[in-house]
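Chains as they are written, first to last, in full-length UniProt numbering: chain A, 1 to 340; chain B, 1 to 340; chain C, 1 to 340; chain D, 1 to 340.
Bear in mind the hints are in silico, worked out from the structure with no lab data behind them. Treat the hints with caution; some may be incorrect.
Straight line, CA to CA, 35 Å or less: simulated DSBU-like cross-link-like pairs of lysine-lysine [stated by the list, open to error]:
| no. | chain 1 | residue 1 | chain 2 | residue 2 |
| --- | --- | --- | --- | --- |
| 1 | A | 130 | B | 312 |
| 2 | B | 211 | B | 130 |
| 3 | B | 211 | A | 312 |
| 4 | D | 308 | B | 51 |
| 5 | D | 308 | C | 131 |
| 6 | B | 107 | A | 308 |
Protein chains: 4
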Amino acid sequence: MQHKIVVCFSTKFVKLVISLINATFVQQQRCSLWFEEEVERDLRWVYGISKILHIGASEFQTIELVQSGPFGKVLLLDGKLQSAELDEFVYHESIVHPALLYHSNPKSVFIMGGGEGSTAREALKHSGVKKVVMCDIDQEVVDFCRDHMTENAEAFSSPRLELVINDARAELESCNEKFDVIIGDLNDPMDGGPCFTLYTQSFYMNILKPKLNLGGILVTQAGPAGILSHREVYSSIYNTLRQTFKYVVPYAAHVPSFADTWGWVMASDQAFPMIKMEETNYRIQNRIQGELHFLDGQTLCAMLALNKHVWKTLAGETHIFTEDSGRFIHGHGRAFKNQK
Amino acid sequence: MQHKIVVCFSTKFVKLVISLINATFVQQQRCSLWFEEEVERDLRWVYGISKILHIGASEFQTIELVQSGPFGKVLLLDGKLQSAELDEFVYHESIVHPALLYHSNPKSVFIMGGGEGSTAREALKHSGVKKVVMCDIDQEVVDFCRDHMTENAEAFSSPRLELVINDARAELESCNEKFDVIIGDLNDPMDGGPCFTLYTQSFYMNILKPKLNLGGILVTQAGPAGILSHREVYSSIYNTLRQTFKYVVPYAAHVPSFADTWGWVMASDQAFPMIKMEETNYRIQNRIQGELHFLDGQTLCAMLALNKHVWKTLAGETHIFTEDSGRFIHGHGRAFKNQK
Amino acid sequence: MQHKIVVCFSTKFVKLVISLINATFVQQQRCSLWFEEEVERDLRWVYGISKILHIGASEFQTIELVQSGPFGKVLLLDGKLQSAELDEFVYHESIVHPALLYHSNPKSVFIMGGGEGSTAREALKHSGVKKVVMCDIDQEVVDFCRDHMTENAEAFSSPRLELVINDARAELESCNEKFDVIIGDLNDPMDGGPCFTLYTQSFYMNILKPKLNLGGILVTQAGPAGILSHREVYSSIYNTLRQTFKYVVPYAAHVPSFADTWGWVMASDQAFPMIKMEETNYRIQNRIQGELHFLDGQTLCAMLALNKHVWKTLAGETHIFTEDSGRFIHGHGRAFKNQK
Amino acid sequence: MQHKIVVCFSTKFVKLVISLINATFVQQQRCSLWFEEEVERDLRWVYGISKILHIGASEFQTIELVQSGPFGKVLLLDGKLQSAELDEFVYHESIVHPALLYHSNPKSVFIMGGGEGSTAREALKHSGVKKVVMCDIDQEVVDFCRDHMTENAEAFSSPRLELVINDARAELESCNEKFDVIIGDLNDPMDGGPCFTLYTQSFYMNILKPKLNLGGILVTQAGPAGILSHREVYSSIYNTLRQTFKYVVPYAAHVPSFADTWGWVMASDQAFPMIKMEETNYRIQNRIQGELHFLDGQTLCAMLALNKHVWKTLAGETHIFTEDSGRFIHGHGRAFKNQK
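Just chain A, same shape as in the assembly:
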């Protein structure tokens, strides 16, 4: 004989049981592979990897595309995070659009680095841009990203994209063209790293500036810009550009997968116009095909504002990047992006 029990359940109890079952199930699937970013010597940003999707290698570095728990698909170069599916739009909209929106009529763009294709993708959203040169040193990375990062497939096949496999410095030195906007989508300056010289005053002055058209704008990623990290390289890159260009505009935004607020700097020898939020939104609407997800007039205003603490450091910074005097970061997100 089987027992029958009469029970009264509250809906609340049933929900509780279900949530417990879910919680336990999820718990059992916990990760074994973890990606660990050593942000500083005793600060780690650690996230679970649920699947290795693709692996590759070039003469310069290893290449991996992995499925992470918190950030979606993540591209790793030499085991370092390059960009994450769920928030790469923050970094890439930020590095591309402010300069292109401030420029009165940008037609040509040169990207130093940027092999994964996302920076080019954003630049190509500007219908007025006729030509984007993307100059990355690593053919294999470019091929890998073209094959596996579907979100950039359209950009890679655009007739307006000119892909060059070369060292950015060498390419700029030898090319005969000038550009409206040059974008430094580079590795952070690392001690002994390949990108250090692309942040020096002599590079900006002698190699890069001659390749900007009249009214041209340089924008470069400039490392971590958080309350506790902006003194590492950000203030120095800012000051180096301030000593090299007439007009310099720093800005920043928090990028979750980088575990920090990130910084960029625009520089030009022509004054940046005062653009109101409404004008920014108007330009976005008129120039850009496709939707932006992070940036609009109000957001740009916030990015440019920074905060009192960081401004104070920027204002007082005296260090200039030269070949003999660099500053280096410990090991942040964009750390080993390979580009000489």
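Once you have looked at the hints, place chains B, C and D on chain A.
Showing chains B, C and D alone in chain A's frame:
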């Protein structure tokens, strides 16, 4: 016989050797104790603890003050980070000053929670504020912080501070006073946590609002507000207040030790005035004794701007916190701050 | 003009500088990918992965071969460590040779599981063994290991090896042969895991024992057997076999990559002979082609001895694995080895 | 009206629900503080700390007693694990009893280091031992352990214990006594660490040996002795003693909290007698008051056997510890035990 070798050193080489020696030495002192915040199920924020400074306990929780590597002294309640020496000014300036600066003439402030004393410290910087009531449930935490957190010593001994050990809800219900500004320096809403009900519409409507003077402002911490985390509770707290007060102003700032952008919301039944940057700076100068390190007019402008992605979520949010319908965060920074 | 400095170096100083340089260089190459084994809920065994070598997948599980820092190449199934290049000889010599050496003249061996090939490799070292049946459920794992684990290539191509892709239980039930030695190279009993029933008394009694020749020996891996872990399943598997076979011999050895001492149990209905160290060494010399690296007469003596603490638990154990009453481990090394 | 639902539960389902509830509850209490032992550069042994019990400091080091998840109470010196409640009996029975049991009639024992008191506790279990000198350099550690480690309280108050606060080398040099057994319960040899010279041939020859009575035995802890770690220092300490004493006996056992098999070496100028298991058990029964939990005749046999792989290394080792030629371990369990 001893060999003598003649060697030419470049200064560069000598510097290299010294930096190597330093690097190696520092390496040998690596941490053994680590604090691990499980930001999400597979995302960890981990930092080294070099020294346990003080330990204590109350009937509610354990209390520890530790020396961390990246964030200076860190206060832990029940093993959860409460605030960190090196960036607590971002959180505490942000939770206090916007509301007090927007108010035309704030004289009385009620703080729900805030036992560590930093929120009171900031409020007391306003020379026009005649009375700050700080209502925390845990006598031991308050005593511990008064004894060990020297940066708040002056605040704790201010004659303008009235310290109440009580549950914030009970205290508000029973007190006969009204206040110009009420600050919710509370634990995040956690499933089963003590603070959940202090974020509900009925609490705001029935308990809190009656204790605001005419023109009074409520400001509450509102959980993580980053690109990837603002849907957890921030948008919901915003919408709950929007359905309860006539005017609501959300804002946010990146707090490094919390590993995220953090959110706050101001709410009032009287319109917030349009204040220009210059006016903000003027009010800071005239009302506040002592210097602010994070906030000025421009910074406040940036905090209020948020970004397109977060605004879109806020605009579309329909969830309201009620006793039967909560939303909860996984385990962020302010997680277990004890306050019923 | 260049300065010249005359310096006297001690050899000691030069060595110091070189070791510092090495230390620093090595330091800069630190790992970003880490494998984390949750040995218990709050105990983790974590090691660096320097390279993903090969990735694959079957209908049952994901398959990865990675280069680890401390353990050489490591095979992962469903993200769990299966075996590590640098110490797999300890596990595989231990699971195979004691039973084959105690048996008077073993000619046929049946391996439940063992898809990576190492258990077969060890069994095939016995020149008297004419046939080794390896029965693994996962064709893809077998193919992956045959392709990538060169140390087992010879074994995989041996004419004495008969490879069957099937569930071990089903295969034993349906096959008409009997064997001198049956080896359980199985997953640990996990709650909900595929292998649990292959440790039950009814399986041993009804399915397995009928397939042993007269004098035949069963040996099974039996989970962690350390001072703190042997109560999880080891004592229980031991007792289950003790209640099923007339003679039972437990033994154990520390396997570094498993972060614990590991246990095995031999069982037979015929008494195990008293074999002196010298006799063991003699049998090794006469029966085994190729060298053993871990096992000799003295080592076997040590493995069989266990220690007082563990023996006390084994002696007093009363639990028996049945379909309704299992015990499970938290998540050790051999956790998810796929074999039904 | 309230709904009533008639449901049939199987006991199995109810058990499942309860286990899920437990699992989830336990999950919510997960640790925030973790102790991380860097066993090698890319191998970490990490365990949760649920509570800081006591903190202290001396002129030499910090002292902490913490409640760990997997190992019970753990004593940390300078943030390094010294001994763990749940398995310290393995280490301390192993370092003390073999030498005292092999000795025909030990009456006096000198302990180099051993400030926590556990080594003395084990030695005092021998009723024939009339005097135990424990010589530790750190008064504060001794006081801390006497106050907080209740398991050693009886030993600390024994009239047979003579406690000396001094450097072990200096104490041995200056004392006029000789001893039957000298125990080296010392820090591992670390580069730059305080204990290195207490492992050198000249120390053994010139300082220590003259203080041994006729038939006296030295036993020293000798670092990790696992399959992958025994070449770090164990084989070297063994060989150094082999070149200094006529008879040398290495042995080892797995200590879970040390994440490795641990090694000890006995040395004497008088031959170690062949003692059968039964004789060992007889001596334990006759000489020792109180029960041993790890060691008996059979266990001792297993410890002495080691394995083929380690024996091969020991046999071929040629390195000798001298003041100019040390070997060092990376950072294992007994790493910073303070004793000069």
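Hints, verified against the model:
1. A/130 / B/312: holds, 32 Å
2. B/211 / B/130: holds, 17 Å
3. B/211 / A/312: violated, 39 Å
4. D/308 / B/51: With a Cα-Cα distance of about 44 Å, the restraint between residue 308 of chain D and residue 51 of chain B is violated, given a limit of 35 Å.
5. D/308 / C/131: Holds. Residue 308 of chain D to residue 131 of chain C sits at ~28 Å (cutoff 35 Å).
6. B/107 / A/308: Status holds; Cα separation ~26 Å.
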